[in-house]
Structure formats: structure tokens, C-alpha cells
Amino acid sequence: MTISTDRLKAMFAAIAVAIEADKDRLCALDGVIGDADHGIAMDLGFAAARDATAALGDDADPTVVFNAAAKAFLNAVGASCGPLYATAFMRAGAAVKGKAKLEADDMVDAFAAMAKGIQDRGKAEPGEKTMIDAWLPAAEAARQARAAGASLPAALAAAADAAEQGAEATRNFAATKGRAARLGDRSLGHVDPGAASAVTVIRSMADSLADA
Amino acid sequence: MTISTDRLKAMFAAIAVAIEADKDRLCALDGVIGDADHGIAMDLGFAAARDATAALGDDADPTVVFNAAAKAFLNAVGASCGPLYATAFMRAGAAVKGKAKLEADDMVDAFAAMAKGIQDRGKAEPGEKTMIDAWLPAAEAARQARAAGASLPAALAAAADAAEQGAEATRNFAATKGRAARLGDRSLGHVDPGAASAVTVIRSMADSLADA
Amino acid sequence: MQTKKIVNDGARAVEEMLQGVLAAHPRHIRAVEGSPRSIVSLNGPRPGKVGLVIGGGSGHEPTFLGFVGKGLADACAVGNVFASPPPDPIVECAKAVDGGAGILFAYGNYAGDVMNFDMAAEMLAMEDIEVRTVLSTDDVASAPPGEREKRRGVAGNFFVFKAGGAAADRMLPLDECERILRKANDQTYTVGVALAPCSLPQTRRPNFEIGPDEMEIGMGIHGEPGVERGPLRTADEIVDDIIDKIFAEMAPSRGDRVAVLVNSLGSTPLMELYIMNRRVAARLADRGVETHATWVGNYCTSLEMAGASITLHRLDGELQSMLDHPCDCAMFRAG
Amino acid sequence: MQTKKIVNDGARAVEEMLQGVLAAHPRHIRAVEGSPRSIVSLNGPRPGKVGLVIGGGSGHEPTFLGFVGKGLADACAVGNVFASPPPDPIVECAKAVDGGAGILFAYGNYAGDVMNFDMAAEMLAMEDIEVRTVLSTDDVASAPPGEREKRRGVAGNFFVFKAGGAAADRMLPLDECERILRKANDQTYTVGVALAPCSLPQTRRPNFEIGPDEMEIGMGIHGEPGVERGPLRTADEIVDDIIDKIFAEMAPSRGDRVAVLVNSLGSTPLMELYIMNRRVAARLADRGVETHATWVGNYCTSLEMAGASITLHRLDGELQSMLDHPCDCAMFRAG
Ligand SMILES: Nc1ncnc2c1ncn2[C@@H]1O[C@H](COP(=O)(O)OP(=O)(O)O)[C@@H](O)[C@H]1O
Ligand SMILES: Nc1ncnc2c1ncn2[C@@H]1O[C@H](COP(=O)(O)OP(=O)(O)O)[C@@H](O)[C@H]1O
Ligand SMILES: [Mg+2]
Ligand SMILES: [Mg+2]
Ligand SMILES: [Mg+2]
Ligand SMILES: [Mg+2]
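Protein chains in written order, with our numbering: chain A, 1 to 212; chain B, 213 to 424; chain C, 425 to 759; chain D, 760 to 1094.
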């Protein structure tokens, strides 16, 4: 089954619902090692992405959908996650440029481009306790599963599982750089909020495309 | 028994001890209808009066003692109770001017002068929920008791009892003027802090002079 | 449990604060020699000028001492926390700034302040220094309209002192200064709300109780009870309630001009004050009232109390020119 | 239970605040047409002048938008509470104040701000507007001395922006402005302590937990954890700890000159700040360091967080002249 513009819009709507439900937990996680606003930012961003994509006409192709999501997310949010997710969506759009609908491989490519976009924008390395620790393993898991012949739903489910493990692993990282650097051991034991929200995003993408 | 300068100094010391012990309660009472500082002000004031009178030489007569207390209290406190008690002590000093020691009648006169001084300075009428509601009945009770032949200790004990009743009665006054005027019925049921502290002052005066 | 404060010894908080104030503002103010609670402007007082002496309890900073400076108050007598200064430092202030044209006392209407300033005025009279007194009485909630003279002075002090300071700085005679101060006070209306208590540095205990969802309308700047207590409402509802109370009395006409002060009682942040000001501006515009100037921030606080007050100050040409007159104080500059 | 705030809809708090700000300060600032989050100085920008654009999350008022005005920042991009503004309003700020001499971005060093301002710079480069960026990194507690470039920008922004604004107002070229800003940042050291949390208007829940007797040293202005948590100490002990940390790095010599900022994070009142300043002044005097100027108050807040920070800014002749250069902003005036 191919993914139409409608499916993509529905996917953004599904992420928005999942993130809204997760908002308080994400703020609480961010309260421990950051500034307690991550749930708010993600909620604002995905609500804006949902509204902007929902407003698109039927003639919008997937690239247009991703770009609309990028722009809306960015302008609604700013913060750290704004440029990161905006870049993710723009890269996804660029990865599938010219296609009217997405096949399974296109979607996996788009997914990989998202992870790559987040890394390019934020320049974080794995192990620095950021959303990268969820997104990179997720993209890799999707690619491997697909290479091993998995369906798109199975590949995305594998991605979500990998994201979950990656996010969980951020507990063990003592932040050594940037914002939480001086925290030292006090940052141990806490999941990175951006990694936690990445799991929610990826899981809801997988669920939304589970019958694709 | 006549009251020497030493007895007067001891009386100020006794008031300071009693007020210090009462400080928190007075702040709490003031917190309900005022600004929560009455215990602090009274404590500061009587500690200063004690220190200033204690520092006086043996040649100081009662008027000098009262004046020293007045000045010290006033400069340590300001607030409402500063001018009120300072005026009380100055008037007490004036009432016994020229005497080296105080007889029972002198002390009752001084006591009445204190009440009068407070009223002159503050211009409060009975029933306005101020320390006047304790001081006026106290002065009147001392005068009547003395006129009926009571000893100074008995007269001061009667004054303290009257002050207590007067203070208690302030519960029933809805403040109709000034600071608490708009409180209306909400001021009902609460004892005025200045009336409450007057009871402590007068009771400790009576106790301190109980064997005089 | 005690509340948290950055202090050393609560009993010495005012002394230590004053030392920190003098260290921070050596180009604006000094203490009178031998009278550390008498703070005097370095640049304001001069021969032939009326001396404006303000004062009151501590804990309201920048009121009162922050308003000492050229074009505003010449001196400030500093009391203990929430307590009027005694007469002595008031007298020292007056003597230090006496330019031979008389002294004007201006302060908020509280029993304690009245008694202490009156005693100081009596002492000065004995030294042939003429003193006039103007009490600020802007707190609409503290007494009914018919008894304006019984009202407390709160954040509106700002406009009253500002007018008096300008008049004195223009070398107007004592009568004129007094008249202008009284007029400024007559045209000043404040209502405040409190959300959470402060605590005195000496006790470090909340100075009143208030429920987790409650607010108090009309509470005084020392935590004195207000007119009513009710559930916490939205910013617009709070502003509407305040503005309704003020309009009911001030009865502004279309074309009237006002200055606005949206004041934090301490811990209410600028974000909330500006959200309030949005509604204030809307209400004034609706009523056809022109806003000449607006101040928003911590002007008359109650230590760290949560809450805010709104003051409207109606201007005629004279009051406007007093308001626009420049001043340069330790903690405030304008014009 | 939610914390108490005077707001309408938490999600609209920044919009409504901005409306209130614009209503209060119509002689100082305006919003760019069609870009309400881009606040521009009415009097600063002019042809041939470098445009200084600052910005960051809301909730730190008067930082950032209060520092827009003649002699200081030309424009400010306003983010959500504790969130960098997106690139669009930053771009609009730059375009609105572009005088043909280039644009300087100055803001605190946070991942989110860096990404958004960098995207904006890329977008402006495409329109041939030259942009330089200086990050403020004054928060001593946020990274070790060897990694100064990783530190957060906190209250010391004040001195960094002030220097840059003065340089630009004097019509210095972009290179010079950038150099002076960097120098100002290099000479700025801040350490803060937090006693009680703030809460975001959207959640109205305390944004961190702290025990009733605890304080946190080095906490960030968004409640990011600091270097250590310990029992609340006296004002002098707190100041000593902060000054020791700053001196250890700044290593001031006898005869050095500094400017001082004692800043409230929100609800800590002036009384406590001045008590702190008393000790700051004593420590500087002990060390033989001359204090050129002192600011005390709410300059870089964290909504209603309780706590304070101390910033020392070391001056040479050039930085002193930048600091003394007059400025006239919506929420700040000097010189
Ligand atoms: N450079 C970066 N690269 C990848 N992720 C990052 C980077 N910086 C921050 N993040 C992610 O952003 C999350 C915080 O996002 P958010 O709370 O929305 O923004 P802010 O930190 O601006 O408040 C962090 O938990 C982390 O996962
Ligand atoms: N005019 C007055 N006459 C008599 N007593 C007064 C007057 N005004 C105030 N008081 C007394 O002073 C008390 C408050 O004193 P205190 O708390 O020390 O001063 P302040 O009101 O300045 O905080 C009141 O409870 C009342 O009894
Ligand atoms: Mg965050
Ligand atoms: Mg009191
Ligand atoms: Mg008092
Ligand atoms: Mg943030």
C-alpha cells in the first residue's frame, strides 16, 4: 500500500494527538534536567504542523506536506526542537521530492532523512543525551529491517522499539557537554526529554501507518 | 513601701521579659487585622527601654527613668506604638516630676497619666479597637480601687484585670474607622493586638510591683 | 517552618540594606552624619528651595528611599520593616535639606506615620522650621468615598511625590508646593490585589493566610485585609474589577488624560503586569481616556508579596508638567 | 494544584504581554508590521549604523525586550516562555533595523537560540545582509573555565548588550562593534543562586523541586540545575561563595575597575539584593577593586523564581565609556 497525501496528513494528526497526551510527562522530564517546557513546545509544534497540513489542498504532494509541517512547526515553536524538527521535515520533503505518493522505501528514506536532518542541524553526537540518541538508532533500525525485507509497518515498529531503547539509554549518560555539563552525576538516571518525545513521535508514526 | 529608681528599672526589665515571651502571639494577632509586626515593635521598644533605664546612674529620679524609657522606646521603634508608649512614659515622668521616689498614689497617678498620654497622642476613642480599649479601663480601675482604699499592688492587679476585659471586648468591635474600616464584619472576633499587648504590659507592671 | 530569605540577621536587615543602598548609589544619596536612617539627596536640596521629606516603613522598596534625588524627594526617613520611622531621623532629614523656604512632609496615611511625623513637625516648629504635611490617601479600597481622608497611601505615592518633587525643584514657594501635592493626591486612585503573603525578615513567617485558589481585593501593602476575598480570577477579570472600582469614583470623562502605574507588590513578574496593562489600556481607550504615560514594574512593593496594584492619576496641564519634569533618583529616573 | 498567576490564557501569555508592552511604551518601541514578535526601537536604527538585534525566550523581562532603545538594542525577537524565537521574527528584526552597515546578533548561549539565530543568519545572507553573532557566556557555573564557549548567557547579557549598543550608537563599523561585544562578554562573570522555583504560565506547576531549607548554587535562569545544592545560608555566606567563584576566575588585581549587577531572579525583593550588595561592596573594597557603577534590581528574571545573581563586569577605558554611554529604552535608562 502506498502512502498518499491524506495518509501523511493523518500521520501528522496522529502525532499531534499522541504528543498532546504526553505533554505533561515531557514537561516534567524537562523540569529535571532542563527548563520544563519541552512538552509545551512539542505540543505547540505538532498542533501547528497538523493544522497547516490539514489545510493543504488535495493537490499537495508529500514534499509540500512535509514543508508545510516544517514551516508551521518552526514558527510556532522556536526553542531547540523547532529547528530540529523543522529541519527533519524539510529533509524528509527533499528526500521524496517529485513523488506524488510514497512507497514503503520512500517512507523509510524520508524517515532516515529526518534523523539525518536533526543531526545536521543540532550537531549532536550519540551519547550526548539528546533526541539524537533516539532518532539515530531508530533510523538505523528501520533501514536494517527494510533491508531484511520487513514491511513498512514492521520497519517503523522496529524503529520505535529502537528509539525506546535509545531513549532509555540516555538515563545512563552523564551529560558531559553544554547545558547540563556541570550537572555531572546529577544528570544520571534521568531520561532526556527530547529523546523521550522522539519515542512518542516515532511510535505514533508507526501506529498511524500500521496498515500501510 | 515606696518605689525607688531601682524598682522602676526592674519594672521595665520585667515588662521587656514578658513582652519578649509574648512576641509571636502579638505578631500573629496583628497578622489577622494589621501588618503582623506588633510583637516585633513592642519587643524592640521594651528591650530598648530596659537597656536605656538600666544604664542610668543611681542618681536618676523616676522622671529621668520614664523619660529615658520614652526616648529609647521611640527611637527604637517608630511605628504606631512608638509615639504612643513614648508619650505614655513622658507623661508618667511629668506626673511625678520632682519626686525622688514614688508612693502608691504617685504610681497610680503615673499610670493614669500613661493612659491619658496614649489617648492624647493617638486621639482614639473607646470602641475603636485600639490599645485605648485596654488602657482606659485599666487606668479607671486603678483609680477606683485606690480611691476605695486598695493597696498599690491590688490597684494594679485590678487595672490588669480591667485591661484584660477591655482587650477581650475589642473582639466585639467591628472596626469602623481607619485602617480596618473596610474590613467591616471581618474584623469581628479578633482581639486588637495593641490592646492585647497592653494587657501584657500592665500585668507585668502589676506583677513586678506586687510586693510594693 | 521559616520562609526563605537571603538575609543575615533579620533584626539587622534594614541597617544592612541601607549600607548596600549607599554603596550602590554614592552619586545620588548619602546618610546624614550620625543619623543613618536619614537619607538625603546629593543634588536636590539648595538654598531657597522647599525641602521635600518623605518616609515610611521599609519593605516597600524602591518606595520610599529610591525616590530621593534631584527633581523628586530631597530626603527620606527610613523606618523598620512596615513601621514608621521615629521622629528623630525625620527631624534630621528636614534639617539637612532645609533651604530656608520651608519643609514639606509627604507620606502615606498610616496612624504610626502620622504620629511620628507630627511629633517631628512639632520638634521642628520649636526650631522655627516651617513644616507642611500632605498625606497620600490613594487606596480606594481602604475607606468609603466619603471618608477619603481616612484612606491609606499605597502605590499612588509615586505620583504624589513626583508632583511635589517637581514643584519644589522648580523653586515654587511652600504654599504652591503644598497645593500641588494635595491636588496630585486628589487625582490619584489605586486598587490592589494580593495572591500570596510576604514574610517579615525578623519572623520569616507568612504575614497572612490565603487559600491556594484565593485572592484578596483591596489588600493593603502591609497585608492589611482588603474589601473581599474570592477565588483567583483571570487577569482581565481582575483588571476589570479594579478599573470598575476606580472609574466609579474617579468618573473620568471622554478626553480626560491619565498616567498609569501597574505595580507589582513584589513577586508578581513583569509578564503578568504587562498582561494586566493590556487590559488597562483597552479599558481606558473604551472610556475615551487618553493615556499620557505608563509605568509598569516594582514601584511600591510589600517585600515578596504576590499581587499587583493599578493606579490612575488624572492630569491637568499643571500635573502633567509636574509629571514630565525630569528627575534623577537612586532607583528611578524620568523626564 | 496550580500555582497562582495573574493571566488569562497561559498559551496566550506572551502575545498578551507584548500588547501590554506596546501599549505602555509607544514612544520607545513598535512591533514590525505583520511580525508581532519583532520589537523595534523607534529612535535607534538609522542609515549607516550597525543594527544590534537581541532576543531570546520570554519570561526574563526586562531582558530582552526591555533593552530595546536608543543607545542599546535596535530590535528584539521575542520567543515563547523560555524558548528561543523562531528564525522568521529574527529575520524581520534584522531587516527592520538594517542601516546598510551590517547586523549584529547578540544573545545568550543556548542550543535553541543558536539554531534559530543561525537559521536566521543564513536566511539574511541570502538577501545580502551581513550578520555577525556574539553569544553571551557569562554564567560561570555552567561549564568549566576551559570551556567558556559552552557557558550559558544569563544576567551578564546586560553588560554585553550595553557595550554593543553603545558601540553601534557611536556609528562604529561592524568589526568594531563585534570586537567590543566580545570583549565585554569576556569580561563578564555571573553566578546565581535559586531558592524557589517559578512556574510556566501554561502549566502553572513549579518547574523544579527544592527542599524548604535548600538553595541551589549556579542554577540557570530557566531552572536548569546548577553546580550544587545545599542548605540555605546567610546573605554574606552566599555572596562570599559567589564572589569566591567569580574571583577565582576573573582574578582581579588591585586597582581594577568593575561594574556590578545584583539581580533578582524574580521574587527576591530589593531589600535582600541590597543586603547582598553590602557584602559585594565590602569584598570588592577588600580586594582593592574599584566599583565604577552598581545596578540592583530585576534585570534578568526567571518569571517569579526566588533567588539572585551577581555579575561583575571588568572595565577598561573603552568598556567604561561604552557603559557610560547614554541609553533610553522602554524598561531601562542610563547615562
Ligand atoms: N543540539 C541538539 N541536537 C539534538 N537535540 C538537541 C540539541 N539540543 C537540544 N536537543 C534536544 O532538545 C530537547 C529540549 O527541547 P526543548 O525543551 O523543546 O527546548 P529548549 O531546550 O530550548 O527548552 C533536549 O531534551 C534534547 O533532546
Ligand atoms: N491612634 C491610635 N490610638 C491608640 N492606639 C492605636 C492607634 N493607632 C494604632 N494603635 C494601636 O497600635 C496597634 C498596632 O501597633 P503596631 O503594630 O506596633 O504598629 P503599626 O500599626 O504601625 O504596625 C494597634 O493594634 C492599636 O492597638
Ligand atoms: Mg526545554
Ligand atoms: Mg503592626
Ligand atoms: Mg507596622
Ligand atoms: Mg526552553
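No lab work stands behind these hints, which were simulated from the structure alone.
For every residue, glycine included, the Cβ atom is placed at its ideal position computed from N, Cα and C.
Incorrect hints may have been included.
[Unchecked claim] Selected chain C positions facing chain D (Cβ under 7 Å, derived; list incomplete): (1) Glu633; (2) Ile634; (3) Pro636; (4) Leu727.
[Stated by the list, open to error] PhoX-like, lysine-lysine: derived pairs with alpha carbons at most 25 Å apart: (5) C:Lys607 with C:Lys494; (6) C:Lys574 with B:Lys335; (7) C:Lys574 with B:Lys328; (8) A:Lys71 with D:Lys854; (9) A:Lys116 with A:Lys101; (10) A:Lys123 with D:Lys829; (11) C:Lys574 with C:Lys519.
Against the structure, the hints come out as follows:
Because the smallest distance between the Cβ of C:Glu633 and any Cβ of chain D comes to about 14 Å, over 7 Å, the interface hint for this residue is violated. Restraint check, C:Ile634 versus chain D: the minimum CB separation of about 9 Å is more than 7 Å; hint violated. Because the closest C-beta pair between C:Pro636 and chain D is about 5 Å apart, less than 7 Å, the hint holds. The criterion of a C-beta within 7 Å of any C-beta in chain D is met by C:Leu727, whose closest approach is roughly 5 Å, and the hint holds.
About 21 Å separates the Cα atoms of C:Lys607 and C:Lys494, which keeps this hinted pair within 25 Å; it holds. Between the alpha carbons of C:Lys574 and B:Lys335 the distance comes to roughly 14 Å, so the proposed pair stays at or under 25 Å and holds. Taking the CA atoms of C:Lys574 and B:Lys328, the gap is about 24 Å. The hint holds against a cut of 25 Å. Under the criterion of a C-alpha separation no larger than 25 Å, the hint pairing A:Lys71 with D:Lys854 is consistent with the structure, at around 20 Å.
A hinted pair counts as satisfied when its Cα atoms are at most 25 Å apart, and A:Lys116 with A:Lys101 qualifies at roughly 22 Å. Note on A:Lys123 and D:Lys829: the hinted pairing is violated, with a Cα-Cα distance of about 37 Å set against a maximum of 25 Å. A C-alpha spacing of about 29 Å is found between C:Lys574 and C:Lys519, which places the hinted pair above 25 Å, so the restraint is violated.
Taken one by one, the earlier hints fail for this structure at numbers 1, 2, 10, 11, listed in ascending order.
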